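Enquirer: Listed below, chain by chain, are the residues.
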Amino acid sequence: MLLEVKDIHVAYGDIEAVCGVSFSLEKDELVSIIGANGAGKTSILNSIMGIFPPRKGSIIFKGRDITAMPAHQRARIGIRIVPERSRLFPRLTVYENLLTGVYGLRKKIPVDKRISWLYGMFPILKERRGQLANTLSGGEQQQLSIARALISDPELLLVDEVSMGLMPKLVEQVFGILKQLNEEHGLTILLVEQNAFASLNISTRGYVLETGTCALSGSAAELMDNPRVQEVYLGH
Amino acid sequence: MRLFIEQLLNGIAMGSIYALITLGLALVYGVMRILHVAHAAVFTVGAYVGLFIFQATGSLALAFVGSMVACAILGVVIERFVYFPLMKYPPFVPLIGSIAVMLSIEEVCRLVAGPYILTFPAKLPFPDIYAGGIQISSTLLAVYSITAIVLFFLWYITTRTELGLAMRAASQDISISGAMGINSHLIVSITFVLGSAIAAIAGILVGIYYNQVYPTMGAVPAYKSLALIVVGGLGSVSGAVIASMLLGVAETLLIGYANIPLPRDALAFIAMIGVLMWRSEGLLGSSR
Chain W
1 MLLEVKDIHV AYGDIEAVCG VSFSLEKDEL VSIIGANGAG KTSILNSIMG
51 IFPPRKGSII FKGRDITAMP AHQRARIGIR IVPERSRLFP RLTVYENLLT
101 GVYGLRKKIP VDKRISWLYG MFPILKERRG QLANTLSGGE QQQLSIARAL
151 ISDPELLLVD EVSMGLMPKL VEQVFGILKQ LNEEHGLTIL LVEQNAFASL
201 NISTRGYVLE TGTCALSGSA AELMDNPRVQ EVYLGH
Chain B
1 MRLFIEQLLN GIAMGSIYAL ITLGLALVYG VMRILHVAHA AVFTVGAYVG
51 LFIFQATGSL ALAFVGSMVA CAILGVVIER FVYFPLMKYP PFVPLIGSIA
101 VMLSIEEVCR LVAGPYILTF PAKLPFPDIY AGGIQISSTL LAVYSITAIV
151 LFFLWYITTR TELGLAMRAA SQDISISGAM GINSHLIVSI TFVLGSAIAA
201 IAGILVGIYY NQVYPTMGAV PAYKSLALIV VGGLGSVSGA VIASMLLGVA
251 ETLLIGYANI PLPRDALAFI AMIGVLMWRS EGLLGSSR
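Keeping their order, the protein sequence lines are chains W and B.
FYI, our numbering numbers position 92 of the first sequence as 92, with every residue one higher than the one before it.
FYI, our numbering numbers position 237 of the second sequence as 237, with every residue one higher than the one before it.
This is chain W alone, in the form it adopts within the complex (with noise of 0.2 Å):
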């Protein structure tokens, strides 16, 4: 198991938005965990990041609890997350958004490498490195976004609402980045989504959140065949 969720609650002063949440993930998986505006998503991936701690629970990755872990200290062990609306270094350069993905793993990780293989998958970014992230369109930083998360080569990457904002055309691109780097790199995502098909269609499993709480749960194909799934997320 990569990582276990057990029974995590989150709540902002009197307001739970994740009330006991349960899932796990192996390696190799990719996982979409779906639901509608304010289901919880974005404070489940918030706190297995570590940007928000869970009030109840507990996070075990790779064996090992890091409930109270600092986020930094989850980055250095391969967590990375492409945040909700991509949250990029807005006054620095391209270049410098990839460079803040590696800091402190210089060392260790060919960098230079991990640049031109990023650049190979997003050219638009080779284009634009010296150009401000503010400067980009939505699109373009939500490409930065990915490649800045896959720089220090994560074992876990976590994906928050990438498809949101974005031209169909460009949704379908970046799922199918994520599907290659699942397949291809075997890299272990999970994947928070409002566009439940577009993610459950590149997904191995799914869960469904309501209100905090996880109200189904199932391999991607049995979720799509689930009428209420079929009434409420894919439009039927």
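Everything hinted at is true.
Each pair of labels, with its calculated beta carbon distance range:
hint, chain 1, residue 1, chain 2, residue 2, range
1, B, Phe81, W, Glu183, 46 to 56 Å
2, B, Ser280, W, Asn37, 24 to 34 Å
3, W, Ile60, B, Glu162, 30 to 40 Å
4, W, Arg55, B, Trp155, 41 to 51 Å
The calculated lysine-lysine pairs, modelled on BS3-like cross-linking and capped at a C-alpha distance of 30 Å, are:
hint, chain 1, residue 1, chain 2, residue 2
5, W, Lys6, W, Lys56
6, W, Lys6, B, Lys88
7, W, Lys27, W, Lys6
8, W, Lys126, W, Lys108
9, W, Lys6, W, Lys179
10, B, Lys88, W, Lys56
Because the hints were derived from the structure by calculation, they are not lab data.
Since the model is a prediction, treat every value here as computed from it, not as a measurement.
The C-beta atom is built at its ideal place from N, Cα and C for all residues, glycine as well.
Please arrange chain B on chain W, whose structure you already have, making use of the hints.
Expert: Here is chain B on its own, set in the frame of chain W:
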């Protein structure tokens, strides 16, 4: 013409000193989004520690190093024990805490060193220069050179090193910088170390420049540097430096030439009010 050039040279020196004080404030605002008013008290402590070491050893070099170390420690102590526990409250809470720290430190200085004005009779190891009938005193030359070195050092750190990249990233989005593997709490402490050590340098320079060290010497710089980071653009280090230089020159020239019925210290606040009314993001600030 000669008078004008001499006034200009004095103005640049004033501006340099403002810049050295304001830098720390801009750096701290950048990573923590708090107004570190107590920074001016760190500046005062810097002047006193420098003076005491100088009196005890006669070495100005030791005075600078010792004072920088003392202020760096003081800055980190303020950050750990005052700001860090107060960060979870709305921004006016750490601001009030900061004002309290400033007043407390002022009183400690008064208790330890007495309420008098002490003199700082040190000569900085720079030559006096005469060129074309214009004199540049060794103190002026020292202020220019030391400011230039500090600014270059800071520019080098922030733009050419991995630490600087982390500092810039943390000042733009501190929670995401944590997710990139950057220990943001450590970055905050390093920022306090840098800002406070620079304040120590400013304290000693001001002490020598005016030949005065006294407990409330930080009061006017405290409010003026607040005005300056607003004028420069909150969190913008280069904006703070430019605003400081402009203010130093404007103050000196206006007092020398225009017979304005305002105290010179009013100028900074008039500029701040103007910026808040017409360009609230400041000279170089980015609107967020």
